[in-house]
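Colleague: All chains should be modelled from the sequences, with the hints used to inform the complete structure.
Under our numbering, the residues of the sequence shown are numbered 1 to 78, in order.
Do not rely on the hints blindly, as some may be mistaken.
To be verified - Straight-line Cα separation of at most 16 Å, EDC-like style, residue types lysine to aspartate or glutamate; simulated pairs:
| hint | residue 1 | residue 2 |
| --- | --- | --- |
| 1 | K77 | E63 |
| 2 | K44 | E27 |
| 3 | K44 | D13 |
| 4 | K44 | D62 |
| 5 | K44 | E63 |
Stated by the list, open to error - For each label pair, taking beta carbons as the anchor points, the in silico distance ranges come out as:
| hint | residue 1 | residue 2 | range |
| --- | --- | --- | --- |
| 6 | S71 | Q49 | 30 to 38 Å |
| 7 | V8 | N40 | 23 to 31 Å |
| 8 | D53 | P73 | 15 to 23 Å |
| 9 | N74 | Q52 | 32 to 40 Å |
| 10 | N40 | P73 | 12 to 20 Å |
| 11 | Q49 | H72 | 29 to 37 Å |
| 12 | K77 | Q15 | 17 to 25 Å |
| 13 | A56 | G12 | 18 to 26 Å |
| 14 | A56 | G21 | 17 to 25 Å |
| 15 | E63 | G12 | 27 to 35 Å |
If you're looking for bench data, these hints aren't it; they were derived computationally from the structure. Here the structure is a predicted model, which means the values were calculated and not measured. Even glycine gets a Cβ: it sits at the ideal position worked out from N, Cα and C.
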Amino acid sequence: MKVSSRMVSRLGDFQLVQQIGGGAWGEVHRAQQLSLGGRNVAVKVLWPQLAQDARARQRFLDEAHHMAHLSHPNICKV
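Modeller: Right, here's the structure in full:
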């Protein structure tokens with residue numbers, strides 16, 4: 001059973017506004033980055049059961065690292 005992160009309205013510096021997608025690894029939310037004046041961003045959140053798994057967390061961090069190095073007009077920056 002997947003537990004939704006929609007129960008959480010704030011995650012660190014981010015105010016989660018609306019779920020905009022989801023899949024096998026977690027959910028993507030439209031959010032506002034509070035420290036930057038409410039800048040609109042997308043936040044990907046692992047499912048809680050995956051967040052407890054060290055290998056899943058490492059894969060998630062690896063994905064973020066690789067995405068941060070991509071540069072294309074149709075891909076948003078991480």
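Colleague: The structure should be examined with respect to each hint, and the outcome stated for every one.
Modeller: Going down the list of hints, with the structure as the test:
no., hint, result
1, K77 with E63, "holds, 13 Å"
2, K44 with E27, "holds, 6 Å"
3, K44 with D13, "holds, 14 Å"
4, K44 with D62, "holds, 14 Å"
5, K44 with E63, "holds, 11 Å"
6, S71 with Q49: 30 to 38 Å, "holds, 33 Å"
7, V8 with N40: 23 to 31 Å, "violated, 18 Å"
8, D53 with P73: 15 to 23 Å, "violated, 35 Å"
9, N74 with Q52: 32 to 40 Å, "holds, 34 Å"
10, N40 with P73: 12 to 20 Å, "holds, 18 Å"
11, Q49 with H72: 29 to 37 Å, "holds, 32 Å"
12, K77 with Q15: 17 to 25 Å, "holds, 20 Å"
13, A56 with G12: 18 to 26 Å, "holds, 19 Å"
14, A56 with G21: 17 to 25 Å, "holds, 18 Å"
15, E63 with G12: 27 to 35 Å, "violated, 19 Å"
The structure is inconsistent with the numbered hints 7, 8, 15, although it conforms to all the rest.
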